[in-house]
Structures are given as structure tokens and as C-alpha cells.
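Please model the complete structure; the sequences and the hints are all you need to start from.
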Amino acid sequence: MAQPPHTPGSEQDGRSRSTSYILRCWASTEGHLHARLIQVRTGASYAVATLEALPALLRQLLADE
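Heads up: the sequence shown is residues 102 to 166, going by the numbering used here.
Some hints here could point you the wrong way.
The following label-pair restraints were derived from C-beta to C-beta distances [as the list claims (entries may be wrong)]:
hint	residue 1	residue 2	range
1	D165	T130	30 to 40 angstroms
2	E166	T130	28 to 38 angstroms
3	E166	E131	29 to 39 angstroms
Derived from the structure by calculation, the hints contain no laboratory data.
Glycine is no exception: its CB is placed at the ideal position from the N, C-alpha and C atoms.
Here you go:
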């Protein structure tokens, strides 16, 4: 049986909150990899220094909401 779609809630009602991000990655002509994290709702854009830094950046952004 299919699961019902997840509905974002608030911390007050005991459900976890969620937000959507787009991870945009590209390679420069010199072969360097670049990445930006873009919040869908606001369009705010954050540089991702390394893919290893991505989890910490996401935790920080979610904590700041």
C-alpha cells in the first residue's frame, strides 16, 4: 500500500519540519567542480565549499529556520 504524502508540520505539533533545496553542480572549463545549494521557497543561494561540507551546511540552515 502506498504511503500518504509527507506533510511538513511544526515542532509544536510533534512532526518534523522540511524544506526543499536544489543542489546545482557544474564543472569549470579548467575542470574544477563547483556547487551551490538553493532554497526553493526563498531562492536564497549558498556556496558549497566541498561535498563533505554539505551535511553541516544543511544542518545549519535547517536549525536557522
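**Prompt:** Among all the numbered hints in the text so far, which are the ones the structure does not match?
**Reply:** none
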